[in-house]
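Q: This is what each chain is made of:
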Amino acid sequence: MTFNWHGVLAIYRFELARFGRTIWTSLMTPVITTSLYFVVFGTAIGSRMNEVGGVPYGAFIVPGLMMLTMLTESIFNASFGIFMPKWSGTIYELLSAPVSTLETLVGYVGAAASKSCIVALVIFATAHLFVDVQVAHPFWALCYLLLVAVTFCLFGFILGLWAKGFEQLQVIPLLVVTPLTFLGGAFYSIDMLPGIWRTISLFNPIVYLISGFRWTFFGVGDVPVAASLGATFGFLCICVTVIAVIFRTGWRLKK
Amino acid sequence: METILSIRGVAKTYKSGTVALQPTDLDIGKGEIFALLGPNGAGKTTLISIVCGIVTPSAGTITAAGFDTVRDYRETRTRIGLVPQELLTDAFETVMATVTFSRRLFGRHGDAAFIEKLLRDLTLWDKRDAKMTELSGGMKRRVMIAKALSHEPDILFLDEPTAGVDVELRRDMWRLVHDLRERGVTIILTTHYIEEAEEMADRVGVIAKGRLILVDEKAALMRKLGKKTLTLTLSEPLAEVPSALSHWPLTLTDEGHALTFAFDANAEDNGVRALLRAADEAGIAWKDIATKQSSLEDIFVGLVHEQEGRA
Ligand SMILES: Nc1ncnc2c1ncn2[C@@H]1O[C@H](COP(=O)(O)OP(=O)(O)OP(=O)(O)O)[C@@H](O)[C@H]1O
Ligand SMILES: [Mg+2]
Chain V
28 MTFNWHGVLA IYRFELARFG RTIWTSLMTP VITTSLYFVV FGTAIGSRMN
78 EVGGVPYGAF IVPGLMMLTM LTESIFNASF GIFMPKWSGT IYELLSAPVS
128 TLETLVGYVG AAASKSCIVA LVIFATAHLF VDVQVAHPFW ALCYLLLVAV
178 TFCLFGFILG LWAKGFEQLQ VIPLLVVTPL TFLGGAFYSI DMLPGIWRTI
228 SLFNPIVYLI SGFRWTFFGV GDVPVAASLG ATFGFLCICV TVIAVIFRTG
278 WRLKK
Chain Y
274 METILSIRGV AKTYKSGTVA LQPTDLDIGK GEIFALLGPN GAGKTTLISI
324 VCGIVTPSAG TITAAGFDTV RDYRETRTRI GLVPQELLTD AFETVMATVT
374 FSRRLFGRHG DAAFIEKLLR DLTLWDKRDA KMTELSGGMK RRVMIAKALS
424 HEPDILFLDE PTAGVDVELR RDMWRLVHDL RERGVTIILT THYIEEAEEM
474 ADRVGVIAKG RLILVDEKAA LMRKLGKKTL TLTLSEPLAE VPSALSHWPL
524 TLTDEGHALT FAFDANAEDN GVRALLRAAD EAGIAWKDIA TKQSSLEDIF
574 VGLVHEQEGR A
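Chains as they are written, first to last, in the working numbering: chain V, 28 to 282; chain Y, 274 to 584.
Chain V on its own, in the form it takes in the complex (with noise of 0.2 angstroms):
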C-alpha cells in the first residue's frame, strides 16, 4: 500500500456526513447572515454610499461578505473535525490506523473546505437575489476560494489540535480571525480609511485575503493581486509546516 485511498475517502465521507446531518443549519445560516447584511448594509448603508472604486456598494460587499464567512466556516469544521475525536476518544482509531499524516490531512481538510466553498457558493447565490454582481475573473475566484479554503481549513485544524477545550476552541475564531476579518476591509475599501489607519491595515493579513479576492470579481483591489497571493501562500505554508512538526512529534495527539 502506497498511499491509502480507502482511508482517506472513509474519512471524507464521514466528515462530509457529520455535516449532511445538519445541512439545514449549515446552509441555512449563512444564506439568512448574508441576507441581513444585505439589509443592513447593502440597503440602508449602501443607499448613502454611491461607489466605491467604481463599484456598486451592494456588489462591493460581496466578495467581502464571502470571505467573512468562509474564514470562520473553515476554522470551525476543521478545528471541530479533528477536536471531537480526540475530545471523545476515539481518535484512538484513526492513531491505530495506516493512515499517513498527508492522508490524514487530505481527509479532514479537504472535507471542512469542500464545506466551505459550497457555503461560499451559496452566499454568492443569496447575494444575487439582492444585487447584480459580476466576476471578471470566475476561474481565479475559485482557485483563490479554493486556496484561502485550504489554508484556513488548514489553520482550523492545528487549533483543533491545540484546542483542549470547547472554550480554546471558539477563543482564536471569536477573538482574533472575526475582528481582523471585519477590519481588513469586508465592508469598505482601506482606501477609505485616514492615513495612519491604513498604514496599520497593512499588517493584518485578512486585508490582503480580502483583497485578492475582491480583485478576482473587479479586476481592482486594495494591494496589488501578487502580494494577496504571496501572504495566501505563506500562511498556506506556515501552516503546513507546523502541522507537519505537530504529526512528527505527536503533539496533543499522543501520550
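Hints listed in this document are in silico derivations from the structure and should not be mistaken for laboratory results. Be aware that one or more of the hints could be misleading.
Said to hold, decoys possible - Cβ pair distances, simulated, as ranges:
| id | chain 1 | residue 1 | chain 2 | residue 2 | range |
| --- | --- | --- | --- | --- | --- |
| 1 | Y | S331 | V | G47 | 39 to 45 angstroms |
| 2 | Y | A403 | V | L169 | 39 to 45 angstroms |
| 3 | V | L202 | Y | T286 | 35 to 41 angstroms |
| 4 | Y | S331 | V | I227 | 18 to 24 angstroms |
| 5 | Y | T286 | V | I227 | 32 to 38 angstroms |
| 6 | Y | E468 | V | V203 | 53 to 59 angstroms |
| 7 | Y | E407 | V | L43 | 21 to 27 angstroms |
| 8 | V | F260 | Y | H465 | 53 to 59 angstroms |
| 9 | V | F30 | Y | A332 | 29 to 35 angstroms |
| 10 | V | T49 | Y | W398 | 25 to 31 angstroms |
| 11 | V | F30 | Y | D402 | 27 to 33 angstroms |
Unchecked claim - In the DSS-like style, the derived pairs of lysine-lysine whose C-alpha atoms are separated by at most 25 angstroms in a straight line are:
| id | chain 1 | residue 1 | chain 2 | residue 2 |
| --- | --- | --- | --- | --- |
| 12 | V | K113 | Y | K413 |
| 13 | Y | K288 | V | K191 |
| 14 | Y | K501 | Y | K482 |
Said to hold, decoys possible - Some residues of chain Y that are not near chain V, with every Cβ distance over 12 angstroms (derived):
| id | residue |
| --- | --- |
| 15 | R281 |
| 16 | N313 |
| 17 | S322 |
| 18 | A332 |
| 19 | T334 |
| 20 | D345 |
| 21 | E389 |
| 22 | L391 |
| 23 | T396 |
| 24 | D439 |
| 25 | E469 |
| 26 | R484 |
| 27 | V488 |
| 28 | A492 |
| 29 | K565 |
Being a predicted model, the structure only gives us computed values, none of them experimental. Note that beta-carbon positions come from the ideal geometry of N, C-alpha and C, so glycine has one too.
Since chain V is already given, all that's left is putting chain Y with the ligands on it; use the hints.
A: Showing chain Y with the ligands alone in chain V's frame:
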C-alpha cells in the same frame, strides 16, 4: 512456535512523570491467546497502546509479523486490531456506517458481504441501522469488536473485554476468542481476573507496577497462583496454637479468635480434611469456616517480593 509480535525494551514514562512501564521484553507466538494479568494501573493499557501506535514509547522497539511498528507502520497496523478498554464511539453514526468506516480507514474496500457476516456473528445485524446512542453498553462493546475485526487483522488486542459485561456476553466473548483462534488470529487480552486468564489463555503474563513479573504457560502459572487460605473462627479464644496441632502450619489470628491455614488449592490432597479431623480430635470447638482465594494483589505483592529477593 513462530513469533508474530516481538517487544524489546519497551518502556514508558508519561509527561506527568508517572513511570507506567519499565523496560519490557515479550514475545507472542503466532496463533496463541495471551492474557496480560494485572491490577489497576499496572501498565496493561499502556503496553497495548504502544504496540498499536496510540502512545509513543520512551524507549524500545516492536516488530509485528517481522515489520517495525514505527518504520513500517502501514504493514503492522493493517495486521493489528484493537478493542480499547473504554467504549468510545461516534454517537450519531449507525452501526453499519461506523463498522464500514473502520474497514476503509484500514485501507480495505467496503466489502458488504464481509461486513454482513461480521455483524451477524456478533448478533448486531438487527441493529445495523441503529445509532450508537441507541445501543446498550453490551451492544456498544460488540460494535467496538466489530470495528476492530472489520479489516481482518491477524493480531487482535482486547483491553479488558469483559469489564462491565453480563454473564451471557462474557460467555459469548470467550466463544468469540476461541473461534478467532481457530481462524489463526493471535489474541492478546488484558484482565484483572485470574479465572478469566485461566479460561481463555494459553499463556499468561503477570504485570504489576509497570513490571512484567513473569510469563508462563497457563497451567504452570495457575499452580503458582492457586494459593488459598482457610479460616476457622473459634468458639473460645486460644492463647496459642494447641500442641496437638503444632506440626500444622497454622497461625493464630484475630486476637486468638481464629486459626488460619494456607494451602495449595491445586494440590491433589490439600490437607483441609485432615486438618479439620485433627482439630476435632484435639477438641477445638469452632463456629464458622471460610476459605478464600488469595487476592490478586496479595499474589502480586508476593511475586514482587520473591523477585526482589532473588535479584
Ligand atoms: N495519559 C496518561 N498520562 C499520565 N499518566 C498515565 C496516563 N495513562 C495512564 N497513566 C498512568 O500510567 C499507569 C499505568 O496505566 P494503565 O492505564 O496502563 O494501567 P492498566 O494496567 O491498564 O490499568 P487498568 O486495569 O486500571 O486499566 C497508571 O499509573 C496511570 O495512572
Ligand atoms: Mg487499562
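Q: Give a verdict on every hint.
A: Outcome of the hint check:
1. Y:S331 <-> V:G47: 39 to 45 angstroms: 42 angstroms, holds
2. Y:A403 <-> V:L169: 39 to 45 angstroms: 41 angstroms, holds
3. V:L202 <-> Y:T286: 35 to 41 angstroms: 36 angstroms, holds
4. Y:S331 <-> V:I227: 18 to 24 angstroms: Given about 48 angstroms between the Cβ atoms, the range is violated.
5. Y:T286 <-> V:I227: 32 to 38 angstroms: At roughly 48 angstroms between Cβ atoms, I227 (chain V) and T286 (chain Y) fall outside 32 to 38 angstroms, so the hint is violated.
6. Y:E468 <-> V:V203: 53 to 59 angstroms: 57 angstroms, holds
7. Y:E407 <-> V:L43: 21 to 27 angstroms: 22 angstroms, holds
8. V:F260 <-> Y:H465: 53 to 59 angstroms: Roughly 55 angstroms apart at Cβ, these two residues keep to the hinted range, so it holds.
9. V:F30 <-> Y:A332: 29 to 35 angstroms: 31 angstroms, holds
10. V:T49 <-> Y:W398: 25 to 31 angstroms: 29 angstroms, holds
11. V:F30 <-> Y:D402: 27 to 33 angstroms: 32 angstroms, holds
12. V:K113 <-> Y:K413: 19 angstroms, holds
13. Y:K288 <-> V:K191: It holds: about 16 angstroms lies between the C-alpha atoms, which stays within 25 angstroms.
14. Y:K501 <-> Y:K482: 23 angstroms, holds
15. R281: It holds; R281 (chain Y) is separated from chain V by about 20 angstroms at its closest Cβ, greater than 12 angstroms.
16. N313: 18 angstroms, holds
17. S322: Answer for S322 (chain Y): violated, closest chain V Cβ roughly 8 angstroms.
18. A332: 15 angstroms, holds
19. T334: 17 angstroms, holds
20. D345: Non-interface label on D345 (chain Y) violated, nearest chain V Cβ at 10 angstroms vs cutoff 12 angstroms.
21. E389: 18 angstroms, holds
22. L391: 16 angstroms, holds
23. T396: 22 angstroms, holds
24. D439: Holds, because the least Cβ-Cβ distance between D439 (chain Y) and chain V comes to about 24 angstroms, which exceeds 12 angstroms.
25. E469: Holds: least Cβ distance 23 angstroms, greater than 12 angstroms.
26. R484: The claim stands: R484 (chain Y) keeps its Cβ more than 12 angstroms from every Cβ of chain V (closest is about 20 angstroms).
27. V488: 24 angstroms, holds
28. A492: 33 angstroms, holds
29. K565: 37 angstroms, holds
In this structure, the earlier hints numbered 4, 5, 17 and 20 are contradicted, and the remaining ones agree with it.
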